[in-house]
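The lines below spell out each chain.
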Amino acid sequence: MINLDTPKKFRAFVDQANQVADNFLRANSRKYDLAEHAYPKELDLLASLIDGMSDSGQGQGAGAAGVRRGEDDADGKKAKNKVKNGTNMSSVLSVIEMCWGDVGLLLSMPRQGLGNSAIASVATDEQLEKFKGTWSAMAITEPSFGSDSAAIKTTAVKDGDHYVLNGEKIFVTSGDRADSVVVWATLDKSLGRAAIKSFVVSKDTPGIRVERLEHKLGIRASDTAVIVLDNCRVHESNLLGSPEVDVKQGFAGAMATFDNTRPLVAGMAVGCARASLELIRELLEKAGVDIDYDRPATSQSYAAATFLQMEADWEAALLLTLEAAWLADNRKPNSMEASMAKAKAGRVGNDITLKCVELAGTLGYSETEFLEKWSRDSKILDIFEGTQQIQQLIVARRLLNLSSTQLK
Amino acid sequence: MASRKDPMGIGLAVLNRIASSPTIDRLGLRKQSEKAVYHGTRAGFQAAGAAGRTFKKVKGSGKPARQSSTGDSGVFDLTPTEDQQMIVGVVAEFADEVLRPGAEAAEKTDDTPKEVLAQTTEFGLSLLNVPEALGGLSEERSATTGVLVAEALAYGDMGQAVACLAPSAVATAISLWGSDEQQQTYLPAFTGDDVPAAALVISEPTPLFDPFELGTTATKSGDGYVLTGLKSGAVRGLEAELFIVSAALEGKPALFVVEATAEGVSVAADPSMGLRAAGLTRLKLDGAPAALLGDGAEDDYREAIRLARLGWSALALGTAKAVLDYTKEYVVGREAFGEPIAYRQSVAFMVANIAIELEGMRLVTLKAASRAEQRQSYAREVALARKLAAEYGMKIGTDGVQLLGGHGFVKEHPVERWYRDLRAVGLMEGAVLV
Chain W
3 MINLDTPKKF RAFVDQANQV ADNFLRANSR KYDLAEHAYP KELDLLASLI
53 DGMSDSGQGQ GAGAAGVRRG EDDADGKKAK NKVKNGTNMS SVLSVIEMCW
103 GDVGLLLSMP RQGLGNSAIA SVATDEQLEK FKGTWSAMAI TEPSFGSDSA
153 AIKTTAVKDG DHYVLNGEKI FVTSGDRADS VVVWATLDKS LGRAAIKSFV
203 VSKDTPGIRV ERLEHKLGIR ASDTAVIVLD NCRVHESNLL GSPEVDVKQG
253 FAGAMATFDN TRPLVAGMAV GCARASLELI RELLEKAGVD IDYDRPATSQ
303 SYAAATFLQM EADWEAALLL TLEAAWLADN RKPNSMEASM AKAKAGRVGN
353 DITLKCVELA GTLGYSETEF LEKWSRDSKI LDIFEGTQQI QQLIVARRLL
403 NLSSTQLK
Chain S
137 MASRKDPMGI GLAVLNRIAS SPTIDRLGLR KQSEKAVYHG TRAGFQAAGA
187 AGRTFKKVKG SGKPARQSST GDSGVFDLTP TEDQQMIVGV VAEFADEVLR
237 PGAEAAEKTD DTPKEVLAQT TEFGLSLLNV PEALGGLSEE RSATTGVLVA
287 EALAYGDMGQ AVACLAPSAV ATAISLWGSD EQQQTYLPAF TGDDVPAAAL
337 VISEPTPLFD PFELGTTATK SGDGYVLTGL KSGAVRGLEA ELFIVSAALE
387 GKPALFVVEA TAEGVSVAAD PSMGLRAAGL TRLKLDGAPA ALLGDGAEDD
437 YREAIRLARL GWSALALGTA KAVLDYTKEY VVGREAFGEP IAYRQSVAFM
487 VANIAIELEG MRLVTLKAAS RAEQRQSYAR EVALARKLAA EYGMKIGTDG
537 VQLLGGHGFV KEHPVERWYR DLRAVGLMEG AVLV
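Each protein sequence line maps, in turn, to chains W and S.
One gets the working numbering by counting positions in the first sequence from 1 and adding 2 to each.
One gets the working numbering by counting positions in the second sequence from 1 and adding 136 to each.
These aren't lab readings, by the way, just hints derived from the structure by calculation.
Each hint should be verified, as a subset may be incorrect.
[Claimed, not checked] Examples of chain W residues lying across from chain S (beta carbon under 10 angstroms, computed):
(1) Q18
(2) K288
(3) D292
(4) Y295
(5) A318
[What the hints assert, rightly or not] Computed cross-link-like contacts, DMTMM-like style, restricted to lysine to aspartate or glutamate with a CA-CA straight-line distance of at most 20 angstroms:
(6) K410/W with D213/S
(7) K191/W with E268/S
(8) K531/S with D353/W
(9) K11/W with D213/S
Since we're looking at a predicted model, the values are computed, not measured.
Beta carbons are placed, not taken as given, at the ideal position from N, Cα and C, and that holds for glycine.
Just chain W, with the same shape it has in the complex:
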């Protein structure tokens, strides 16, 4: 039966997440926006709380952890044909609440890095045990490429039971604070995408170092590192997935991770934009602007009509995000929907937060309110995990059934 409201079983959990976001994230939001690169120590307590919840099975995907498609949901029931609201849905709902609090601080959550998502998604049981408790960042991008992940230059050369890694990685979120980094490298550049593998590299391994930290437009609470790998020797048991180069399988395996992470980034944009919408509504109402859902927008004030348009776009982004998560929970293909969600949420998240600044005038532009901050934070959400343009490319290729050589 068609129903698009928050699942009943997650409502209490969402409410809790909202309180956590309010008290731990929103409360420290401006502090770490101003003190870029300072470690947000308040998050340590929160992270242990989330670890505790995960261990006791109450987490419901409270963190940014990955999703293993092979396993059953938290209920432990094998209910075929029964519609599931599982960990993909709860993770997205959680991320929305957290980013309503602060996007940068969510990204700084100890042991909830993108590397953790990758480990959780593809690691073997032995590896899961081995990397338990690590805080892992993800290192894909290099100075010479961004969207074109197949152009990886960082090399991994087999030497006995080790791989030797060499290269430079940029835009590594939590690269400084994390304990380990999941590094993407190629075993053989001539074999193309199929030869790209990922390695869990502990930060205390000789040969890996943080070169510098970026100063950014937004999400300043989160550290963004440049990482250099200089003859860094990594044991072969740290390779995630199969060590074989399967040219037929190509890049699909690595890219499949994005089907699970893109809805999460879409959720970040949805959460951030909701914060702006709530605040601008409050400010507008104080200024005497009523928003009426029944009267035609054309008969209301410009501000009210603009708010309605923003809220409509926001609702569409929210539901596209939930749809992508719902498909994943129910083991249905969601590549296109994940990209649709990311495209819509990325662009409207940015549009909405910027428009809210405009509506609030100098009050919105000033650091006295969060509106200006959210409009800076939102920009990255239309860029990382695949830019707006990459998402459109993915959607278009799927819709029109075109290959990457046909639709470039």
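For chain W, the structure is supplied; the task is to place chain S on it using the hints.
Just chain S now, kept in the frame of chain W:
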């Protein structure tokens, strides 16, 4: 237990009706004879209800019958029920085999063929929202089913879809808000074999029209009321036998029942940019006798406005999907500079954005419907769905024409009609109800 029809029982009832009726094929509706163009050429106001029946007043027992609602399901789910899938399957076939091929001809006559309308009677389109006790199909009401049906019809042709849904809007209004007497008097006609043309008329031909600030007024007269004013957007008004009309009563908007044969009721064709097959008319009320629908509660009126807008959002979904499917095929087949134009990002991204915005507006529309169905507040969701349908529905319409270039501008292809039809979505009030 055995006799109770839950919402899932609706589909079976519909299928049963179809099984016992002539099929689309046997009716030979695919080859429509082109009717004489007469509506567009009939000028000026004329007395309404020329062929109209008189509705014999029936005294009721005092308590109107209402459909119940479903409870809060609590699970996020995008899967239609099996019965909804069956209903939509039948309606989609009808849209595909009857409405789409007949769209051009229907547009030329400014009307929807009677055979097509009769076909919708066969599968009980006007029965969906009528309580079982009054000859309807189900004890429970599902706005979601209404949305899915409207969407499927509009995928065929929005103009004819509106014409098909117009009597259902009136039957739904009487079922939801009418008094027992009104239900007993009017609903039998809508549950019978000869469903009357009827229209729910809210709009007025003024700029920035607001359905809560009406120019048409109602004044008390004896036991009833008389209405005065000019209404617009009356679907198939020239044929209509019954109108539900909005008017201001002591400054507050309310719905009134107006029989077409009543004095002071006249109609005039109002050919418009699109929706030609819906036979749009203006309705002039000059001291026309009318009865307040039900007790005229303000909440009922608000609900009517919302459910109509929900219906228009649903119609936009169907037509926008038609644009998407048509342009998808066109851009892959059409070549320029030695390769399909789909190979260009500027073209392919337009199609991607059509799909993205369509999916977004579809989900918001379904959320509004499912909340209405579960008796939760849905004013916000309807407003958002309407905003998206108006904004992106039109954007999809104009991009559809753009993608075909000059070919989109000529009637060789249906996209120019979809463009004209989609312009209606953000401005129409009333006419359909889900």
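Here is what the structure says about each hint:
no.	hint	in the structure
1	Q18	18 angstroms, violated
2	K288	20 angstroms, violated
3	D292	13 angstroms, violated
4	Y295	4 angstroms, holds
5	A318	3 angstroms, holds
6	K410/W with D213/S	35 angstroms, violated
7	K191/W with E268/S	70 angstroms, violated
8	K531/S with D353/W	18 angstroms, holds
9	K11/W with D213/S	13 angstroms, holds
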